[in-house]
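Which chain is which? The protein sequence lines are V and L, in order.
Residue 0 is where the first sequence starts when you use numbering that gives the first Met the number 0, and the numbers rise one by one after that.
Residue 0 is where the second sequence starts when you use numbering that gives the first Met the number 0, and the numbers rise one by one after that.
Quick caveat, the hints were computed from the structure, so don't treat them as lab data.
Be aware that one or more of the hints could be misleading.
Short, incomplete list of chain V residues facing chain L, as computed with Cβ under 10 Å [to be verified]:
| no. | residue |
| --- | --- |
| 1 | Leu160 |
| 2 | Ser170 |
| 3 | Ser173 |
| 4 | Glu253 |
| 5 | Thr257 |
| 6 | Arg258 |
No experiment lies behind these values; they were computed from the predicted model shown.
Glycine residues also receive a C-beta, built at the ideal position from the N, C-alpha and C atoms.
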Amino acid sequence: MTVSAAPPDTLTRTHSYRGPLLSLLSIAGFLLVWFIAAEIAQSRLLPGPVEVVRYVFDEAVHGDLLAELGITLWRVTASFVVAMLIGSVIGLAMGESPALDRALDPWLIVLLNLPALVIIILAYVWFGLNEAAAIGAVALNKIPNAIVTMREGARALDPGLEEVARAYRLSFWSKLRNVTLPQLQPYFAASSRSGISLIWKIVLVVELLGRPNGVGFELHLNFQLFNVTAIIGYTIAFVTVMLAIEYLLVQPLERRTTRWRNKPV
Amino acid sequence: MNDARPAGETSQFEIRIEDKTHFGADGTRIPAIRDLVLEVRPQSMTVLMGPSGCGKTTLLRIVAGLDTRFVGKVYVPEAARIGIMFQEPRLLPWRTVRRNIEIVAENLSNAELDHLASAVDIADMLPRYPQELSLGLARRVALARAFAPRPDLLLLDEPFVSLDERTADRLRRLLLEVWSARSTTALLVTHNPREAILLADELVLLAPRPTHVVAVVPILIPQAKRDATVVEEIYADLLKCYPANFATG
């Protein structure tokens, strides 16, 4: 429980005003350093921020940038959903059943240590250069991490609350929704956080190796053309999308699901 | 473990435990209950009283169906609804007080819930989260939750420990009020003799570990008439008859 001497309105002001200002200042500082470096270098290999932003804008209006972002985002979302769903179910099962845990543990360690590239190549070789192979390969890279985190969550479940659910004979779904999942929420959040960043990096590799579109494909194309402006432009565009997801979707959602916490008596 | 009885007798509960042994982490056997037989009279408040660590909680957990590793039989009908109050409130911290009560009693109407909440004096707390409540308030919520499913059997495991005496006393009176308005079969466990005397229709005295029933003492004076002096009188009487059970209190 937080203990704070500050009255509530001061707290709100700190969060809604000073927080973003500092973040924005820090971003502005980075842009300035970049701008100066580009001015000094005067090289095609280090375009300045103005040039990159102009490229992104042009590509968005006249080119394929938005479509490529869209297709990559779809792959990220699909892989994320598949990985979290499968990883959570297996992780929970392993956390609750010691026998299953012992049986699956060696495979988990193998999968954890298998390089992403190997999984991607094998998926393409065995299942062809198609969307399902691409998404499956990305998901398979994330699944073991999700399992490990969710397994810890399942081990930390409160046996006291489990007994409440049993004594009152809660239905399977009621218990899952009201007792189990809320306890797993922090583990799910941690797993999602690290997962989404891992997944989008691997999606680019998958696109580079065997997809005819997406940000990864564009990066590959522009690498062959030595178009650094396009490479930085695409990267920044997609990072912006991910930042928007974090601040506009993930964080508000997290605040909602944890609003029962830190309420002083 | 649960042998269903014919419908006409559902309000009768019978407990026969031949042996219950705990196993310590290093494999040592700790006998907890040996040859315990107990009949719980319908619509009565049966209070189990025994020294700390005698296996009272274990007994209650067996009756609740939370512990099935024992030798013997507990006759609680399969369909019997159970309301339980643990030593700790055990509320779901991520659900409001209202949701905490609703979750265990799906057919409880809003009006009934509000009525129950005002009966235990937590009507204002319904939209709050459990972490905002003091222990005394959280216990009241747990009490309301235990009554919410209209239980056939109400199990209370030392429900008023670690409260100051005034709060505990208020809660005991509150329990009696809510309980007598709903005439439920209740089984309460305590090590506090005065609490036992205040609440019990039938007072069951338990031996130290491995526990069994020493005596069943009916207390005939209605609970409503048991004020401090009456409780002390009964206590003095019982102390004479069962010095081993009442000496420490």
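Hint check:
Given the 10 Å rule on beta carbons, the hint for leucine 160 of chain V holds: about 6 Å separates it from the nearest Cβ of chain L. With a least beta-carbon distance of about 9 Å to chain L, the hint placing serine 170 of chain V at the interface is held under the 10 Å criterion. At about 6 Å, the closest approach between the beta carbon of serine 173 of chain V and any beta carbon in chain L falls short of 10 Å, and the interface hint on this residue holds. Contact between glutamate 253 of chain V and chain L, as hinted, is not supported at the beta carbon level, the nearest pair being about 13 Å apart and thus beyond 10 Å.
Hint on threonine 257 of chain V holds. Least Cβ distance to chain L is approximately 8 Å, under the 10 Å limit. Given hint, arginine 258 of chain V at the interface with chain L, holds; its Cβ is 8 Å from that chain's nearest Cβ, closer than 10 Å.
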